[in-house]
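Enquirer: Protein chains in written order, with my numbering: chain A, 1 to 136; chain B, 1 to 136; chain C, 1 to 136; chain D, 1 to 136; chain E, 1 to 136; chain F, 1 to 136.
In case anyone wonders, no lab produced these hints; they're calculated from the structure.
Be aware that one or more of the hints could be misleading.
[Unchecked claim] If you only want the chain C side, here are some residues facing chain B, beta carbon under 10 Å, derived:
id, residue
1, H78
2, N80
3, D125
[Unchecked claim] Keeping only pairs whose Cα atoms sit at most 35 Å apart, straight-line, the calculated DSBU-like set for lysine-lysine is:
id, chain 1, residue 1, chain 2, residue 2
4, A, K54, A, K90
5, B, K31, B, K90
6, F, K54, C, K54
7, F, K2, D, K31
8, E, K54, D, K31
9, F, K31, D, K31
10, C, K2, C, K90
11, C, K90, C, K54
12, D, K90, D, K2
13, E, K2, C, K2
14, F, K31, D, K2
15, D, K31, E, K31
16, F, K2, D, K54
17, C, K2, A, K31
18, F, K2, F, K90
Beta carbons are placed, not taken as given, at the ideal position from N, Cα and C, and that holds for glycine.
6 protein chains.
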Amino acid sequence: MKLTRRYRFSASHRLATPALSEEENRQLYGKCNNPFGHGHDYVLDVTVEGAPDKNGLVVERHALDQVVRSRVLDQLDHRNLNVDVPAMAKVVPTTENLASAIRTSLERDWPLAARLSRVRISETDRNIFELEGSSR
Amino acid sequence: MKLTRRYRFSASHRLATPALSEEENRQLYGKCNNPFGHGHDYVLDVTVEGAPDKNGLVVERHALDQVVRSRVLDQLDHRNLNVDVPAMAKVVPTTENLASAIRTSLERDWPLAARLSRVRISETDRNIFELEGSSR
Amino acid sequence: MKLTRRYRFSASHRLATPALSEEENRQLYGKCNNPFGHGHDYVLDVTVEGAPDKNGLVVERHALDQVVRSRVLDQLDHRNLNVDVPAMAKVVPTTENLASAIRTSLERDWPLAARLSRVRISETDRNIFELEGSSR
Amino acid sequence: MKLTRRYRFSASHRLATPALSEEENRQLYGKCNNPFGHGHDYVLDVTVEGAPDKNGLVVERHALDQVVRSRVLDQLDHRNLNVDVPAMAKVVPTTENLASAIRTSLERDWPLAARLSRVRISETDRNIFELEGSSR
Amino acid sequence: MKLTRRYRFSASHRLATPALSEEENRQLYGKCNNPFGHGHDYVLDVTVEGAPDKNGLVVERHALDQVVRSRVLDQLDHRNLNVDVPAMAKVVPTTENLASAIRTSLERDWPLAARLSRVRISETDRNIFELEGSSR
Amino acid sequence: MKLTRRYRFSASHRLATPALSEEENRQLYGKCNNPFGHGHDYVLDVTVEGAPDKNGLVVERHALDQVVRSRVLDQLDHRNLNVDVPAMAKVVPTTENLASAIRTSLERDWPLAARLSRVRISETDRNIFELEGSSR
Numbered sequence: 001m002k003l004t005r006r007y008r009f010s011a012s013h014r015l016a017t018p019a020l021s022e023e024e025n026r027q028l029y030g031k032c033n034n035p036f037g038h039g040h041d042y043v044l045d046v047t048v049e050g051a052p053d054k055n056g057l058v059v060e061r062h063a064l065d066q067v068v069r070s071r072v073l074d075q076l077d078h079r080n081l082n083v084d085v086p087a088m089a090k091v092v093p094t095t096e097n098l099a100s101a102i103r104t105s106l107e108r109d110w111p112l113a114a115r116l117s118r119v120r121i122s123e124t125d126r127n128i129f130e131l132e133g134s135s136r
Numbered sequence: 001m002k003l004t005r006r007y008r009f010s011a012s013h014r015l016a017t018p019a020l021s022e023e024e025n026r027q028l029y030g031k032c033n034n035p036f037g038h039g040h041d042y043v044l045d046v047t048v049e050g051a052p053d054k055n056g057l058v059v060e061r062h063a064l065d066q067v068v069r070s071r072v073l074d075q076l077d078h079r080n081l082n083v084d085v086p087a088m089a090k091v092v093p094t095t096e097n098l099a100s101a102i103r104t105s106l107e108r109d110w111p112l113a114a115r116l117s118r119v120r121i122s123e124t125d126r127n128i129f130e131l132e133g134s135s136r
Numbered sequence: 001m002k003l004t005r006r007y008r009f010s011a012s013h014r015l016a017t018p019a020l021s022e023e024e025n026r027q028l029y030g031k032c033n034n035p036f037g038h039g040h041d042y043v044l045d046v047t048v049e050g051a052p053d054k055n056g057l058v059v060e061r062h063a064l065d066q067v068v069r070s071r072v073l074d075q076l077d078h079r080n081l082n083v084d085v086p087a088m089a090k091v092v093p094t095t096e097n098l099a100s101a102i103r104t105s106l107e108r109d110w111p112l113a114a115r116l117s118r119v120r121i122s123e124t125d126r127n128i129f130e131l132e133g134s135s136r
Numbered sequence: 001m002k003l004t005r006r007y008r009f010s011a012s013h014r015l016a017t018p019a020l021s022e023e024e025n026r027q028l029y030g031k032c033n034n035p036f037g038h039g040h041d042y043v044l045d046v047t048v049e050g051a052p053d054k055n056g057l058v059v060e061r062h063a064l065d066q067v068v069r070s071r072v073l074d075q076l077d078h079r080n081l082n083v084d085v086p087a088m089a090k091v092v093p094t095t096e097n098l099a100s101a102i103r104t105s106l107e108r109d110w111p112l113a114a115r116l117s118r119v120r121i122s123e124t125d126r127n128i129f130e131l132e133g134s135s136r
Numbered sequence: 001m002k003l004t005r006r007y008r009f010s011a012s013h014r015l016a017t018p019a020l021s022e023e024e025n026r027q028l029y030g031k032c033n034n035p036f037g038h039g040h041d042y043v044l045d046v047t048v049e050g051a052p053d054k055n056g057l058v059v060e061r062h063a064l065d066q067v068v069r070s071r072v073l074d075q076l077d078h079r080n081l082n083v084d085v086p087a088m089a090k091v092v093p094t095t096e097n098l099a100s101a102i103r104t105s106l107e108r109d110w111p112l113a114a115r116l117s118r119v120r121i122s123e124t125d126r127n128i129f130e131l132e133g134s135s136r
Numbered sequence: 001m002k003l004t005r006r007y008r009f010s011a012s013h014r015l016a017t018p019a020l021s022e023e024e025n026r027q028l029y030g031k032c033n034n035p036f037g038h039g040h041d042y043v044l045d046v047t048v049e050g051a052p053d054k055n056g057l058v059v060e061r062h063a064l065d066q067v068v069r070s071r072v073l074d075q076l077d078h079r080n081l082n083v084d085v086p087a088m089a090k091v092v093p094t095t096e097n098l099a100s101a102i103r104t105s106l107e108r109d110w111p112l113a114a115r116l117s118r119v120r121i122s123e124t125d126r127n128i129f130e131l132e133g134s135s136r
């Protein structure tokens, strides 16, 4: 059985890569390349999978919340992804790279019995990114 | 091709297990252990899978509705999951156990040509449970 | 300027009035009269009105949250409206009566500079109740 | 990594098949068989899958939009599916057949590096159809 | 106290007025002028207003549903607004004119104690039309 | 009759006022005071009011879109409200002040026959701000 729990955070970013010229960056990233950045209300869905235990729970809600809050939300909520977040320091802060960084943070020494099954993040309701829960 | 159809029902429940002390129940289930119960507006998504027939339909909508209504909605809607629902009589009425009971009710002598592919139930929009359509 | 802030709580209830016979209660309230109750995920929108202060705020978010939490959410969330809530003790727990009780709790000694403009509560997304902020 | 992008279009249709009598058509398709048609606001979710490139993108948004717009939206938006759409000319315009036609249009000479992973279309929020991205 | 109840129906239409040339119609109504029509999933919110009665109800849900179903939904659901609906026979079937026709149908000999306060109709979630409940 | 049309834009901001100390700013604005800013997906609902013209329209959609796009969206979408937007240059970029600036931009030399009735902006679905259409 899979349980998906939903979290939210708000952050800002600016898309640009030093490998490209100013003009090429503008072409590639469009308005997301505007110099002073912009922001989004991200929706994060974390899915865990396992059999319900004898108390009828796949996972204790507070235990999962604690993992997601300490590893993800506390690092990202109300932050600037270009300058505030060590895990994003060396990559363009696209939502693709953000999704990868979130999965990496979650799967390292994953502490729960239910396995991490999927990470899904929405930038807006028009752009939704999904990664299977483990890259290994 | 998969077709997912959405249904809704409202029910109440209280989470507690006789295997634990009062204090342990309160620790484990939090506010869901409050003595007189509380309730939710559950959303149930039933997915069937198959090839469209010569009339262009994976399943006749009314046939699927009839199965879901008689086996699930009529048993659960506006009910108390702790005392009103035989299928839940021996388990803690977590949404995990509710999802399992719904799938069991649906898959027994499943009467449609399209196969039952998935049962998904949302307690609130923050907690969504999914089961593949058949436990066999 | 009006600011509406959204809150949520889950509760259970059973609709019945001693003034009517069993049969009349069933006729009037339908499935909501089922003997062991059912429940909902209520959405509560509280609107305050005023001019933004010199810091650009109609109301400090935390101050409003504190009023709503202590007076409303703490009394209602994960409760049974028939037996757990003193403010509902003498009335049928319809959402109409619940909306009135919420407004009464909020407007008594309202402690904020921004005035209470509207209370709106949704039982489901099909039934939404609105009251102007003050009955006086 | 999967990226799902959401599109919308409005169209009308009437469900009827010449293989059935008038009465049988009415039985099978119900109100959808009403003679002068009706309509929907369809939601189309197109999912592509691949590794992010060196610029952090699974797919350039504009390139995907261009494919979906020219092959799907321009053919369907504000159209009558029974008479306006060559790809639907020989089939009953059920949403099952519409989903198949959309996938066929997209997968033929698919021009992007990210692979077409899934096509999902909602007729209303109660009826959602999904097809894996390639029929091959 | 106001109670808003939500209903849905699907219909098709084509926008064109005989007072204008073909070219002018195309200019004015854009894609909505496409010759064979298109359609929408309309959302209708009907608001009534009054004091709760001794049973705690502003209006009996079934009584309101019965009025809306017989006067509005049965006339419009799965219909073509240009040819199927007498109340729309002499006007361009814009959602403005549809909203007016719905209010007219509802307010004539309004049979409930709670007064008709507002009619709101959404063509899509981008276009929402509101009329106070009575034109008198 | 009122017509509300919905628009969206994404922007970033940081809340701080020079009138307060660093510590007071942190107390007052909380996480919104984080030094490098964060962002939101704002939803803007613009309501106009008038009688439908002989073509059945309260307002031509494209004319309204053109006003909102040129005066509001082009200034704000994918921008940093602290440094990119002249209309916000002298105020703390709270959503209250943003709502006022948007209304001011719209109402100055309002060019449409339908009158500007209301401006509503959502920062997230928990915080919604409303202003009557004209401050005069």
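Enquirer: Any hints this thing doesn't respect? Which numbers, in order?
Expert: 4, 6, 8, 9, 11, 16
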